[in-house]
Amino acid sequence: MTNELIDGMIEAFILIFTFDQEMWDIIFVSIRVSGMATFLAALISLPLGSYLGLHEFRGKKTVSNLLNTFMGFPPVVMGLIIFLLLSRSGPLGGLTLLYTTTAMIIAQLFLAIPIITGTTKAAIESVDPALRETVQSLGSNNRQLWWELIKESKKSTIAGILVAFGQAISEVGAVIIVGGNIRWHTRTFTTAIVVHTRMGEFGMAIALGIILIVIAFILNYTFTHLQSGKD
Amino acid sequence: MNLVELQNISKTFYKKDDLEHTVLSDISFSVKRGECFTIIGPNGCGKTTLLRIIALLEKPTRGKMFYDGKDIINLSNKEIVMYRRKFSFVRQKPVVLNTSVVNNIAYGLKLRNVEKEEIISKVKEILDLVGLRGLANKNARSLSGGEMQRVAIAMNFILSPEIYLLDEVSANLDPKNAALLDELITKIKQNKEKTIILSTHDPLEAIKYADHIGVLINGKLTQVDTPDNIFTSPKDDFTAHFVGYENIFEGIAHIDQKSGLNRIKIKDLNITASVQKEGNVKVCIRPESIVIAKTPPAKTSFRNSFKGKIDKIRDLGNICHVFVICDSQKFLITVTKQSRINLDLKPESDVYISFKATDIKCL
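Just so you know, the protein sequences line up as chains A and B, in that order. Everything in the first sequence is counted per numbering that gives the first Met the number 0, starting at 0 for the first residue and increasing by one. Everything in the second sequence is counted per numbering that gives the first Met the number 0, starting at 0 for the first residue and increasing by one.
Bear in mind the hints are in silico, worked out from the structure with no lab data behind them. Glycine included, C-beta positions come from ideal geometry on N, C-alpha and C. The hints are all genuine.
Which residues of chain A face chain B? A few of them, derived with a C-beta cut under 7 Å, are:
id: 1; residue: E132
id: 2; residue: S139
id: 3; residue: Q143
No more than 27 Å apart at the CA atoms, straight line, and that leaves these computed lysine-lysine pairs for DSSO-like:
id: 4; chain 1: B; residue 1: K207; chain 2: B; residue 2: K175
id: 5; chain 1: B; residue 1: K14; chain 2: A; residue 2: K59
id: 6; chain 1: A; residue 1: K150; chain 2: B; residue 2: K92
id: 7; chain 1: A; residue 1: K60; chain 2: B; residue 2: K14
id: 8; chain 1: B; residue 1: K123; chain 2: A; residue 2: K150
Based on the sequences and whatever the hints tell you, model everything.
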């Protein structure tokens, strides 16, 4: 076991520093899938979250509760749902998207939407009501008010987007179900680590693990910096 | 024609557990163009809520409100923005945007898509007016409270609104900033096209600017009148207290037919007043109308003179509040610090208090 660990570590560093082709392919797929999913989720969730944060309406409480529940939605279940929708006999089977990166983006998109929506809503709600009224009384229309509030809460909003990306890139359940973990195609950090560990190829697994942790560290560092730092 | 008119405006907040909290009830008044209307009342009486309703930031629970004859309670989103732009609302606690002083001041004009050159020249002008040129590029949130209030004032005044809504703006200002604000308000008042609605808890500030005063107590407008009428004939004892009649006693008045003078009996104290009101009355005397002396007054221009004992003295810097008990009635008298020293006033010392028959108000 000790030998395996040491050998694995050595191999991992060789892979990292020789810029192994397969390793880079996996990193690229992971970042592309999670990045695209987070980007699309932000496009949908920023307006949605601010709407929820700005307006009072009947049933808002229910919507908020649902949102909170979906923020912790199990990725495996999301994978299952998207799988059933996209599988050949499913309602969207005709699109033949199963086992493509598009399917993975869709699954992660639905995991990220509640996270970004929820954090945006909370960020907008936490803006001092007096500031909101000041902006309104200075003569802003709804669009101008929205923009000012987004600017005011940009730290928490960006933090929410980072959290969503972090969750997406380290998530394994959904991508393995809808992506199928196909080598050179839909294999990501997490699914690669699973399969290489299974096969006893610890070098690649450790190398990917290290890079994933570095990414997580960078995200976390940016996140804390945003939370504490001034502009 | 009234520029702004409120009819039976009420506001009730509903909290959790269905608790009701009525902040304003049946507020009606009107303000003409070019007028300064002051809302005066103690803290927590609903002044801010009332101004927020006028600024179209809060919807009243009941009632009607008109701007230039047009109903402005039920408006579309677009119309709300249009009418909000006729008002400017300066709050007691200033709120500024997280950007430079210049950007803050220019913000309202940018919202109105004003030309860049025009914004630059207007901002320059107002920076000088409020004395913030030196701080122009600083972040407005890093300023002191007084400076921030000046930014907030500049943000609103640059828009040259039809109506200035000023919510206790001088409450947290140091003398220098207060003087500047005074200058600005006086300037607006000189422009007969501009209307001011100002709230304050300070009676002196109210008289300074107001053409009309509304007294707001516990969410009700108890009196709307000219400053003179409010200060000389307050409608009830709370208003009387609030506008400075500290000495209020209940008594029974009877007009003497021969002399035409009013004899009022306050328990064991018989006082003489010139007001013509009989029956159960509330007698009001301003603290500064009472003269205090160590010896009985020689001249008799004072119809009322009583011997009493000093109960306590409250030192307020330049002036002192002296509480004197005469026949179980407690009088508050204000004296300058100098006369307190000259007269050697101390608790427990015997004194004579005197006041004119004409200085007595009856409610």
